[in-house]
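One line per chain: the protein sequences are F and C, in this order.
Oh and the first sequence: position 97 is 97 in the UniProt record's numbering, straight run, nothing missing.
Oh and the second sequence: position 98 is 98 in the UniProt record's numbering, straight run, nothing missing.
If you are wondering where the hints come from, they were derived from the structure by calculation, not from laboratory data.
For glycine and all other residues, C-beta sits at the position ideal for the given N, C-alpha and C.
Among the hints, erroneous ones may be present.
Residues from chain C that face chain F, not an exhaustive set, calculated with beta carbons under 10 Å [stated by the list, open to error]:
#1 P32
#2 L100
#3 G153
#4 L213
#5 I215
#6 G217
#7 R336
Number of protein chains: 2
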Amino acid sequence: MSNDVITFAHGSGGRAMQQLIQDTLVRHFDNPFLRRGEDQARLPLTQLASQGSQLAMTTDSFVIDPIIFAGGDIGKLAVCGTANDLAVGGARPEYLTCSLILEEGLPLATLDTIIASMAATAQQAKIEIVTGDTKVVGHGCADKIFINTTGIGVISPEVHWGMDQIAADDAIIVTGNLGDHGAAILNERENLGLGDQLVSDCALLWPLVEPLLSIRGIHTLRDATRGGVNAILHEFATASGLGMQINEHALPVNDAVRGMCELLGLDPLNLANEGKLVIITSAQSAAAVLNALQAHPLGKDARQIGTVNSQSGVQICGAYGVTRHLDLPYFEPLPRIC
Amino acid sequence: MSNDVITFAHGSGGRAMQQLIQDTLVRHFDNPFLRRGEDQARLPLTQLASQGSQLAMTTDSFVIDPIIFAGGDIGKLAVCGTANDLAVGGARPEYLTCSLILEEGLPLATLDTIIASMAATAQQAKIEIVTGDTKVVGHGCADKIFINTTGIGVISPEVHWGMDQIAADDAIIVTGNLGDHGAAILNERENLGLGDQLVSDCALLWPLVEPLLSIRGIHTLRDATRGGVNAILHEFATASGLGMQINEHALPVNDAVRGMCELLGLDPLNLANEGKLVIITSAQSAAAVLNALQAHPLGKDARQIGTVNSQSGVQICGAYGVTRHLDLPYFEPLPRIC
């Protein structure tokens, strides 16, 4: 029985941990960097670097509950989430680390499923998982499994996306329906039984971002995770000192999410996404950006939802043409969403 | 009251999280990379890279219990541990990420103490903490605070340390007393009351490693954390297919740790260290390595403890000249040691 679940022995630096690393982690993630078995991965720096390139580095710990959900699992999410945080800076995701905190008693089969999902997602993205760490804590000292992934990638010299580029009259674009991830997790966690149309949008966004690299006039982009599109717009407004005006009727929301939000009094703007970008681009480039996005399945519902203006904060123009300020909630309605 | 402890709001992507990040994290870690506020740090890649350099990358999640202990705290440990995993590859630690998993109810004052300790340790090491992440989970879903740090550094072209360099007749050197960290944690956690001489050796090892870069004949080094020196020797033996023979009477152990081990039937070879290296070097270079180590306060008790031979596994030569094989325990006696 003790062979089938995580025990303290798996986190102790002894033989049990070596076995777990070999049988579960190295087996799924197998690559020359991991196989060296040193305390640090050694990566070909000069091969990555061309004159003027920047190294992008990002980290995320994933604590989502439930760990397996419609549209993904914590492993897929841990690869997509960190890869996407590189992609939105214009960096091709190259290398990822994987650090696990496991609760004593976690079934090894569950761990294997999650690690296999990470490996498959990384392989799809051509990302290597090059080093890792495993810790085990007692029953009740963590909830099943937490995963940290930290990623690096390279930003080409010609890419200078950032919030400092945002200007008045820029277009605000989203790449598809809002709130799918948050709605799916809420449905599962609270057993709302709202049907199988609530599916997380968890996806790798680099394929959608890469064609944007060659379009001039893009100022910044961000994936709208915790806090939803609303949190991103507030970040943009604060960083730029400008106003973000969006049109309520332009917001793409699928029917199942809209129905749940009406039922529970939630706003899809505040719900988390795991496969949607918010893009700020010059007005002249907006059509080219929308064309590039809509050419990819992940961006087929892309649309302009508003405009940057010289006011401040986030303004929403509602059904009767009335504009009101949109606050950033003190907290998002749903903890442990990622 | 809710202002004084961590609540779900601090992890939700809303205003409360922004405040926590500004007031606690950016305030202590302040640097231009963090201040940009993008989803990924952007680092000067070409400045790091010279022809033939390698990028070292390593990750560690810290779950130590207790979070504050004689000789350190989880914050200091999270910086030292990851920086040391870079240093043992010959990489100068350059940049670190910091990802927090916080339990609802953690006092903000405790968090501030830990973050300040991370910042002070990083500053001492001239390491920048360039990006981060904060998650909050419910009471009972994590134990106070878990910290992931992931680090990168650069290995110069002339450094080729690795387990594949280990050869028969090499010298086995340790840089000081064994088991200090494990003994200190055990004493505190179990309230053994064995006095104030049990202090963790948690320390940044780069200052001890840097002078070794210019010594030819060093084959590999490792910091002996979880599983102690015994686990490292087993790793070396397995990777090289050679035997690691050590002399029991040569092992440096301070009196307090030796006393505790005798009392509890533990072996200092299996206890964790957080500031000790195991070094494999050619026999000809052993004296030069010992001289370099002993010139630094962290290495003043350095000594040769054995020799690599053409047998296999780990052998220990005891008091009466009898040699026996040393097993790697199935698990280390103490969970959550780092």
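Tested hints:
1. With 10 Å as the threshold, the beta carbon of P32 (chain C) stays out of range of chain F, its nearest partner Cβ sitting at about 12 Å, so the hint is violated.
2. Annotation: L100 (chain C) was flagged as interfacial toward chain F, and the flag holds, the nearest CB pair being 7 Å apart, inside 10 Å.
3. The beta carbon of G153 (chain C) comes within 8 Å of a beta carbon in chain F, closer than 10 Å, and the hint placing it at the interface holds.
4. Because the smallest distance between the Cβ of L213 (chain C) and any Cβ of chain F comes to about 15 Å, over 10 Å, the interface hint for this residue is violated.
5. A cut of 10 Å between beta carbons decides the hint on I215 (chain C): the least distance to chain F is about 19 Å, and the hint is violated.
6. Annotation: G217 (chain C) was flagged as interfacial toward chain F, and the flag is violated, the nearest CB pair being 19 Å apart, outside 10 Å.
7. A distance limit of 10 Å between C-beta atoms decides the matter here; for R336 (chain C) the minimum to chain F is near 6 Å, and the interface restraint holds.
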